[in-house]
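Participant: So the protein sequences, as listed, match chains A and B. The first sequence begins at 1 in the working numbering and counts up by one. The second sequence begins at 1001 in the working numbering and counts up by one.
Among these hints, one or two may not hold up.
Cut-off 25 angstroms, straight-line C-alpha distance, at most; resulting in silico cross-link-like pairs (DSS-like, lysine-lysine) [unchecked claim]:
no., chain 1, residue 1, chain 2, residue 2
1, B, Lys1083, B, Lys1045
2, B, Lys1083, A, Lys105
3, B, Lys1083, B, Lys1066
4, B, Lys1066, B, Lys1045
5, B, Lys1045, A, Lys109
6, B, Lys1083, B, Lys1013
Don't read these hints as lab results, they were simulated from the structure.
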Amino acid sequence: EIVLTQSPGTLSLSPGERANLSCRASQNVGSQFLAWYQQRPGQAPRLLIYGATNRASGFSDRFSAGGSGTDFTLTIDRLEPEDFAVYFCQQYGGSPPLSFGGGTKVEIK
Amino acid sequence: QVQVQESGPGLVKPSQTLSLTCTVSGGSINSDGFYWTWIRQNPGKGLEWMGHTYYSGNTFYNPSLKTRLAISVDTSNNRFSLKLNSVTAADTAVYYCARVSRHFYFGLDVWGQGTTVTVSS
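Using the sequences provided together with the hints, build the complete structure.
Facilitator: Laid out in C-alpha cells, this is it:
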C-alpha cells in the first residue's frame, strides 16, 4: 500500500512569502502520476498540478512543483490572499490504485 | 465543459444503505480515457478515494470499503452511482463524484460540488 505523507500539517505564513510543501510516498510513485489539489473552505478540491510538474489551467505561475520517486514538492511564490487553503497530493497506479495525502493547510500568519 | 453533480439523501440511518448518484453533463460518460470516481471527506479531515468505474462497468474499490461498496454506471442516462451498505456514524462525510482523466495523468480534473451525508438515527 502506498501511503502519502504531507508535511508540514499546517504552514503559517504572511502574504508575499513563499510556501514549500512536501509530499512523501512510502513507495516509488510513477512520476507522471502525482497530482496536487487546492481546496478552499466549503469548496471541492481543484486540480492544481498533474504529472508531478504540470500546472493546470487557471492557476498562476507562482505555483510550481517537482520531484520524483518518493519525494515531491509544491512551491507557492509570493503568497496571495486567495492561496491560503488546504493542499493535497494524490498518486495513481499504486495499491490502492488512487490515494491522497493528509493535506497541508496554508494559513495566514 | 463537462460537469458532474451528486444527488441523494442527506440523512441515512445507521445500518442502512447510503445511495448516491452522479449525473454527468456536457459530455458523454462513454468517453475513452476517463474513470468516474467517488471521493469522500469526513468533517475536517482529508480526502478518501472510495472507488471508480469505467464506462464498460469495470470497477476498482478501496480495499477498506470493498466489502460494503458497490459502484455502477448507467450509460444510457449518463450517470454513475454509489451504494454503501451497513453505514455507521464514521460514514458521515461530504461525498464528491469526480472524473479521473488519463489526459491529466490520472488526476481528477472535474469535481462535483459535494453532497453532505449524515448517518444518524
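Participant: Given the hinted pair lysine 1083 of chain B and lysine 1066 of chain B, is their alpha-carbon gap at most 25 angstroms?
Facilitator: Distance of about 11 angstroms is within 25 angstroms: holds.
Participant: Quick one, are lysine 1066 of chain B and lysine 1045 of chain B close enough, alpha carbons at most 25 angstroms?
Facilitator: Within the cut-off at roughly 21 angstroms; holds.
Participant: For the pair supplied as a hint, lysine 1083 of chain B and lysine 1045 of chain B, is the alpha-carbon distance within the 25 angstroms limit?
Facilitator: Distance ~22 angstroms between lysine 1083 of chain B and lysine 1045 of chain B Cα, so the pair holds.
Participant: With the threshold set at 25 angstroms, check whether the alpha-carbon distance from lysine 1045 of chain B to lysine 109 of chain A stays at or below it.
Facilitator: Holds: lysine 1045 of chain B and lysine 109 of chain A sit about 21 angstroms apart, inside 25 angstroms.
Participant: Keeping to a limit of 25 angstroms between CA atoms, is the pair of lysine 1083 of chain B and lysine 1013 of chain B held or broken?
Facilitator: 14 angstroms, holds
Participant: Given the hinted pair lysine 1083 of chain B and lysine 105 of chain A, is their Cα-Cα distance within 25 angstroms?
Facilitator: 31 angstroms, violated
Comparing the model with each numbered hint stated earlier shows that hint 2 is the single one that does not hold.
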